[in-house]
Amino acid sequence: MEQELLLECQRSDRNAQRKVYEKMAGRLYAVCRRYLKNDEDIEEVLADTFYKIFTKITQLQNADTFEAWARKIAVNECLQKLRSNKGLLISLEENFIDHSEGTTENLSLEKDILSLLNFLPEGCRAIFNLFAIEGYPHKEIAAMLSISEGTSKSQLNFARKKLQELLVNQNI
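Here the sequence shown is numbered in UniProt numbering, starting from 1 and rising by one per residue.
The following label-pair restraints were derived from C-beta to C-beta distances:
1) Glu40 - Lys19: 25 to 31 Å
2) Ser148 - Lys56: 29 to 35 Å
3) Arg14 - Ser148: 41 to 47 Å
4) Glu165 - Gln10: 43 to 49 Å
No lab work stands behind these hints: they were computed from the structure.
The C-beta atom is built at its ideal place from N, Cα and C for all residues, glycine as well.
Model the full structure from these sequences, guided by the hints.
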């Protein structure tokens, strides 16, 4: 993002804010779409994200980090929405629980996998996104979502198994 454009946003210039919105809306919408299924929720979270971006932009020190900063705001807003919906966690059957340390799997089928994320329960989808896509460790995920590390790991494992089933069933 251009330094001058962000400086104008810090001075509450509406034209600059519109330009930033136009440049970032698609990217941030895609981030929100990975966490939320409902279009109304996505639009609400996106609006909240941009509100927070424009009210907190004076705290941004380096224009080079703007996109990552904006993405983090979007992720946090999505997680807050999931918590408020109380749909974050699912009950897992005992045979799905695996407390082994997960690793990020090869996402060469990224488009297909991302489209299949919509078939996962919200809690699993959020944890899969945070771990496999955003790169957060289980300890941080647990702190963000107010869950145990074991729950984070087991839900990631559940999400992976479900994605594998979906991939096999769709011959991807």
